[in-house]
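Trainee: Could you build all of it, start to finish, from the sequences and the hints given here?
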Amino acid sequence: MIETRALRKSFRSRAGRQTKTVDAVRGVNLQVAEGEIFGFLGPNGAGKTTTLRMLATLIEPDGGEATIAGADLRKDPAEVRRRIGYVAQGGSTWDESTAREELVLHARMYGIGKADAHRRAARALDAFQLTEYADRKCKTYSGGQRRRVEIALGIIHEPKIVFLDEPTTGLDPQSRAHMWDEIRRLRTEGMTVFITTHYLDEADALCDRIAIMDHGEVVAEGTPAELKREISGDVVLVGLDLDTTPQAAQLLDGEEYVTKLETIDEGGVRLHVEEGATAIPQLLRRLDAAGLALTSIELHRPSLDDVFLTKTGRSLRES
Amino acid sequence: MKLARDTWLIFQRQFQLLMRNPVWVFVGVFQPVMYLLLFAPLLKPALNAPTQAAAYKIFVPGLLVLLAIFGGLFQGFGLIAELRAGVIERSRVTPVSRLALLLGRSLRDVVSLIVQAVIITLLALAFDLRVFIGDLLLAYLMLALIALMTSAVSYGVALKVKSEDALAPLMNTVAQPVLLLSGILLPLTFAPGWLQGVAEWNPFSWAVDGTRALFAGDLGNDKVWQGLTIIAVLAAAGVFWAARQFARSVR
Numbered sequence: 001m002i003e004t005r006a007l008r009k010s011f012r013s014r015a016g017r018q019t020k021t022v023d024a025v026r027g028v029n030l031q032v033a034e035g036e037i038f039g040f041l042g043p044n045g046a047g048k049t050t051t052l053r054m055l056a057t058l059i060e061p062d063g064g065e066a067t068i069a070g071a072d073l074r075k076d077p078a079e080v081r082r083r084i085g086y087v088a089q090g091g092s093t094w095d096e097s098t099a100r101e102e103l104v105l106h107a108r109m110y111g112i113g114k115a116d117a118h119r120r121a122a123r124a125l126d127a128f129q130l131t132e133y134a135d136r137k138c139k140t141y142s143g144g145q146r147r148r149v150e151i152a153l154g155i156i157h158e159p160k161i162v163f164l165d166e167p168t169t170g171l172d173p174q175s176r177a178h179m180w181d182e183i184r185r186l187r188t189e190g191m192t193v194f195i196t197t198h199y200l201d202e203a204d205a206l207c208d209r210i211a212i213m214d215h216g217e218v219v220a221e222g223t224p225a226e227l228k229r230e231i232s233g234d235v236v237l238v239g240l241d242l243d244t245t246p247q248a249a250q251l252l253d254g255e256e257y258v259t260k261l262e263t264i265d266e267g268g269v270r271l272h273v274e275e276g277a278t279a280i281p282q283l284l285r286r287l288d289a290a291g292l293a294l295t296s297i298e299l300h301r302p303s304l305d306d307v308f309l310t311k312t313g314r315s316l317r318e319s
Numbered sequence: 001m002k003l004a005r006d007t008w009l010i011f012q013r014q015f016q017l018l019m020r021n022p023v024w025v026f027v028g029v030f031q032p033v034m035y036l037l038l039f040a041p042l043l044k045p046a047l048n049a050p051t052q053a054a055a056y057k058i059f060v061p062g063l064l065v066l067l068a069i070f071g072g073l074f075q076g077f078g079l080i081a082e083l084r085a086g087v088i089e090r091s092r093v094t095p096v097s098r099l100a101l102l103l104g105r106s107l108r109d110v111v112s113l114i115v116q117a118v119i120i121t122l123l124a125l126a127f128d129l130r131v132f133i134g135d136l137l138l139a140y141l142m143l144a145l146i147a148l149m150t151s152a153v154s155y156g157v158a159l160k161v162k163s164e165d166a167l168a169p170l171m172n173t174v175a176q177p178v179l180l181l182s183g184i185l186l187p188l189t190f191a192p193g194w195l196q197g198v199a200e201w202n203p204f205s206w207a208v209d210g211t212r213a214l215f216a217g218d219l220g221n222d223k224v225w226q227g228l229t230i231i232a233v234l235a236a237a238g239v240f241w242a243a244r245q246f247a248r249s250v251r
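So the protein lines, in turn, are chains A and B. When the first sequence is numbered by the UniProt record's numbering, its final residue is 319 and no position is left out of the sequence of numbers. When the second sequence is numbered by the UniProt record's numbering, its final residue is 251 and no position is left out of the sequence of numbers.
Since the hints were made in silico from the structure, they are not lab data. Incorrect hints may have been included.
[Claimed, not checked] Sample of chain B residues facing chain A (criterion: CB under 7 Å; computed from the structure): (1) Arg13; (2) Pro41; (3) Pro95.
From the three backbone atoms N, C-alpha and C, an ideal C-beta is built for every residue, glycine too.
Mentor: Here is the structure:
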């Protein structure tokens with residue numbers, strides 16, 4: 001649905017007399033399949049928004065190519081515009097207008113006729129549970145309501161792809177969960193959804209596939225599960241009494257599924273294993289056979305933050 | 001026809017929002033009305049005009065041109081607010097005509113200017129100003145072209161500077177000399193030679209002269225077509241330039 005090759009963009013910024021060139025995006029290659037929720041994960045300033053704005057025809061790339069929903073970004077941006085929807089990060093509604101007015105206007109800017117635009121607006125208001133507030137001014141809406149209006153605007157013309165730039169930033173947890181449901185609903189309706197986010201849990205829970213971006217480059221790409229599997233495997237924490245710990249450690253150290261074993265000072269062992277799901281039953285059987293009782297067992301799967309850390313040397317939470 | 005349709009669409013939206021808060025039309029007309037009521041009475045003796053009505057024939061056209069220039073030049077502020085709200089970016093991801101994004105807004109400004117001009121004219125009629133309707137309509141055409149140009153330029157500059165703090169001094173710096181060099185308040189016939197020479201280069205000075213000729217019922221005066229032509233050409237250039245700003249990357 002989206003294919004980019006070596007997409008780049010640099011900006012010139014001026015500080016005093018010196019002009020400095022900042023490479024915001026340095027050669028991004030992406031493939032997004034039809035009907036998936038694709039996520040761009042990365043810290044602020046990684047180049048996510050710049051890439052998105054290029055794909056949405058808002059800024060012209062310095063180099064590279066992209067095909068979006070079958071249209072060539074460089075040669076036919078007008079056609080790209082017709083096929084995509086875009087929801088900016090900072091909002092896009094006017095305080096003094098109502099949601100219905102905004103939706104009708106936006107539909108009509110896509111060349112849709114008046115009656116049809118009104119029908120679509122009504123349907124969108126209904127789908128996003130906004131009918132109740134439809135004729136109130138946007139300035140009276142809550143953050144979550146306003147965000148829903150903006151998403152509704154982005155898809156009023158039924159695009160094949162919708163780009164959502166940080167759709168849940170600034171929302172309270174409840175509105176965020178609600179927004180996730182809305183985004184999943186778009187996928188069910190056959191839309192390809194491209195979101196940017198700097199929330200690990202969002203990328204993990206919502207996206208079918210993600211690309212991790214840092215300093216203008218894609219450093220990793222895959223499904224969240226794949227990416228996490230790529231690094232180090234799982235960690236199993238086995239809680240034991242202090243006096244049985246050495247025996248258990250000795251017992252488990254020889255097991256083939258254990259790649260690394262550390263004892264814990266308070267009692268117990270930390271095991272690095274390929275796959276927790278298959279290791280746990282085996283080690284439980286082993287300990288049970290030896291008559292060793294455990295006090296607790298925990299499985300730690302690597303998080304996307306661990307992936308980010310491995311790829312960039314920094315934690316996403318710090319950057 | 002897409003351009004006409006899109007322009008109408010944007011115009012309707014902008015006009016609807018203006019009508020939601022029509023007080024702005026009257027705020028805009030307040031200053032010129034004050035000039036008309038509190039400054040114009042000084043003119044009969046100052047200009048050595050035979051009657052008050054004759055003084056108005058000189059002053060009212062200048063006042064209307066002033067209104068058109070200033071009314072247009074400060075429209076950019078509204079656009080900066082729209083930029084900040086993301087409305088412009090949202091428009092630019094749609095296939096809507098970029099020229100229409102500009103024209104729809106500028107035409108709203110033209111309409112609101114004409115409403116203001118009619119208010120001023122009606123008030124001046126109460127002070128015994130008399131002008132032929134045909135001449136008056138041509139004068140309104142001149143005003144409409146001026147407003148179209150100044151509002152387009154204001155929008156273009158707003159898209160470039162993107163901040164009210166930069167736009168305000170910029171527009172004031174442009175507007176002040178333009179105002180003084182166009183003989184709006186007093187005709188430049190009083191000016192010394194060098195000042196008249198400089199004013200020759202000010203297109204608004206031509207516009208004021210043309211509008212004055214129309215109010216004087218002097219339709220055949222060369223100043224009329226010269227003023228209209230100069231302003232029309234500049235309006236076209238301003239619109240062209242500003243539409244390009246809408247087409248370029250803006251946030």
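Trainee: Would you mind marking each hint as holding or not holding in the structure?
Mentor: Results of checking the hints against the structure:
no.: 1; hint: Arg13; result: holds (5 Å)
no.: 2; hint: Pro41; result: violated (40 Å)
no.: 3; hint: Pro95; result: holds (5 Å)
Hint 2 from the list above is the single one not met by this structure.
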